[in-house]
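J.: Below are the chains, spelled out letter by letter.
There are 2 protein chains.
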Amino acid sequence: MRLLLVEDDRRIAADVERALRAAGYVVETVHNGEEAWFRGDTEDYGAIILDLGLPGMDGLAVLKRWRANGRTVPVLILTARGSWAERVDGIDAGADDYLPKPFRIEELLARLRSIVRRSAGHASSRIVAGDVELDERQMKVTLRGVPVALSPLEYRLVAFLLHHRGRVVSQQELDENVYGHGEDHESNALEVLVGRVRKKLGADLIETRRGFGYLVPDTTP
Amino acid sequence: MRLLLVEDDRRIAADVERALRAAGYVVETVHNGEEAWFRGDTEDYGAIILDLGLPGMDGLAVLKRWRANGRTVPVLILTARGSWAERVDGIDAGADDYLPKPFRIEELLARLRSIVRRSAGHASSRIVAGDVELDERQMKVTLRGVPVALSPLEYRLVAFLLHHRGRVVSQQELDENVYGHGEDHESNALEVLVGRVRKKLGADLIETRRGFGYLVPDTTP
DNA sequence: TGATCCACGTCAGCAATTTGTCAGGTTGAT
DNA sequence: ATCAACCTGACAAATTGCTGACGTGGATCA
Numbered sequence: 001m002r003l004l005l006v007e008d009d010r011r012i013a014a015d016v017e018r019a020l021r022a023a024g025y026v027v028e029t030v031h032n033g034e035e036a037w038f039r040g041d042t043e044d045y046g047a048i049i050l051d052l053g054l055p056g057m058d059g060l061a062v063l064k065r066w067r068a069n070g071r072t073v074p075v076l077i078l079t080a081r082g083s084w085a086e087r088v089d090g091i092d093a094g095a096d097d098y099l100p101k102p103f104r105i106e107e108l109l110a111r112l113r114s115i116v117r118r119s120a121g122h123a124s125s126r127i128v129a130g131d132v133e134l135d136e137r138q139m140k141v142t143l144r145g146v147p148v149a150l151s152p153l154e155y156r157l158v159a160f161l162l163h164h165r166g167r168v169v170s171q172q173e174l175d176e177n178v179y180g181h182g183e184d185h186e187s188n189a190l191e192v193l194v195g196r197v198r199k200k201l202g203a204d205l206i207e208t209r210r211g212f213g214y215l216v217p218d219t220t221p
Numbered sequence: 222m223r224l225l226l227v228e229d230d231r232r233i234a235a236d237v238e239r240a241l242r243a244a245g246y247v248v249e250t251v252h253n254g255e256e257a258w259f260r261g262d263t264e265d266y267g268a269i270i271l272d273l274g275l276p277g278m279d280g281l282a283v284l285k286r287w288r289a290n291g292r293t294v295p296v297l298i299l300t301a302r303g304s305w306a307e308r309v310d311g312i313d314a315g316a317d318d319y320l321p322k323p324f325r326i327e328e329l330l331a332r333l334r335s336i337v338r339r340s341a342g343h344a345s346s347r348i349v350a351g352d353v354e355l356d357e358r359q360m361k362v363t364l365r366g367v368p369v370a371l372s373p374l375e376y377r378l379v380a381f382l383l384h385h386r387g388r389v390v391s392q393q394e395l396d397e398n399v400y401g402h403g404e405d406h407e408s409n410a411l412e413v414l415v416g417r418v419r420k421k422l423g424a425d426l427i428e429t430r431r432g433f434g435y436l437v438p439d440t441t442p
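For the record, the sequence lines run as chains X and D.
Residue 1 is where the first sequence starts when you use the working numbering, and the numbers rise one by one after that.
Residue 222 is where the second sequence starts when you use the working numbering, and the numbers rise one by one after that.
Calculated from the structure, these hints are not laboratory results.
Computed from a prediction, not measured in an experiment: that's the story for all the values here.
Treat each hint with caution, since some may be false.
[As the list claims (entries may be wrong)] Here's a subset of chain X near chain D, in silico, CB distances under 7 Å, partners left out:
hint, residue
1, V88
2, E106
3, E107
4, L108
5, S114
6, R118
All C-beta atoms in this analysis are idealised placements derived from N, C-alpha and C, irrespective of residue type, glycine included.
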């Protein structure tokens, strides 16, 4: 999953970015409001982590402009501790959650999982599709209850597909969210990756929609 | 909107209940875990406000049982416990949001609005015409309930025609929207394509309006 | 430092599908 | 009847995706 991190404090930004990458996300970081607005408005992220205290355009203003433009991406805002008025403003401006500074990185990750799964319409942080179960908190994937070891790229692929189960996901979209770069389809690396995942998790988990992309059927009644 | 409030402290419960009613909600209040679980499992609420510190069955256990039973109702957790680890637990157990005590009633209302807003709108876009049904999310087309495999061009043709069902669509328009190029009609590729779709989905789905274009009759009551 | 393993990209070959073209055949309006 | 519009079956070319094999670079450990 691809995230946008908006944080002007370089030190905090670096720390958070490292933790997010370790948790398996593809992360892009910007340090000011204008850049944040542009990226959030033109690119497609799984979620955005937005610091309110920004130089230049204020974080709240950025968020409002995104929402005004119809962007529904989940947004987690970082706020100074204590001011409930600011929190209420943030939530009513369209934030999906807030986290007061300073925070534990574990809580950031949990809240991130929360808003991401909420935006996908899930209620639990475990996702089941056919014989396969994904536990995001433990970064664990099981096949008929048996744990399966996946490489980082394989895990990201599975996680993204399960989050978007029930709909066709294009190769371009997978490129962006698994690798981070959205371009150069001069290679079949993605197809090879899909093949490797199929070998581990069974051939019927991921269906091919020739000419369109891939689909993990939704098995939720 | 109908809410369930789960809070064992009668005094807090009464205050919150009054505020919620003032904000226009219909509120039902219960004071222990068992009752909460039963109500939440059998009734249909717009959202549930759940205190974690309950006598009897713990709030977290209640929440987990709801989620295990497939209840996706938005849940807002209240707790006095401040440790980040327990907050992480609550969120990962499937809570949609979390509010630490003590809280301002304004913030409760804002978060409530937020989770309710989020839970709305996850319907998959479907179009029905005669015996044919189009599910755009899954890019799936079914004929009398039986899935039919369509090629990319065939799918685009069907999708466009169903989107504009009830009116005649010219060949030029189809050329532009299926192929992209609105080129000269020097080939009969489009006619061949229509023929292939008819073979798969039945001859009566697409009517020919000789000299004008094609028509999918609107069968919406 | 060197041996080893693993993740992952690349490549070539293959099989299946897709799709444009074309050569008649039908249909319907006038 | 005539003619343009449209349909159909067949075929070949192009596209797409899968697979096994191989190579490279980084991490780990003796």
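J.: May I ask which of the numbered hints given earlier this structure violates, with the numbers listed in increasing order?
T.: 4
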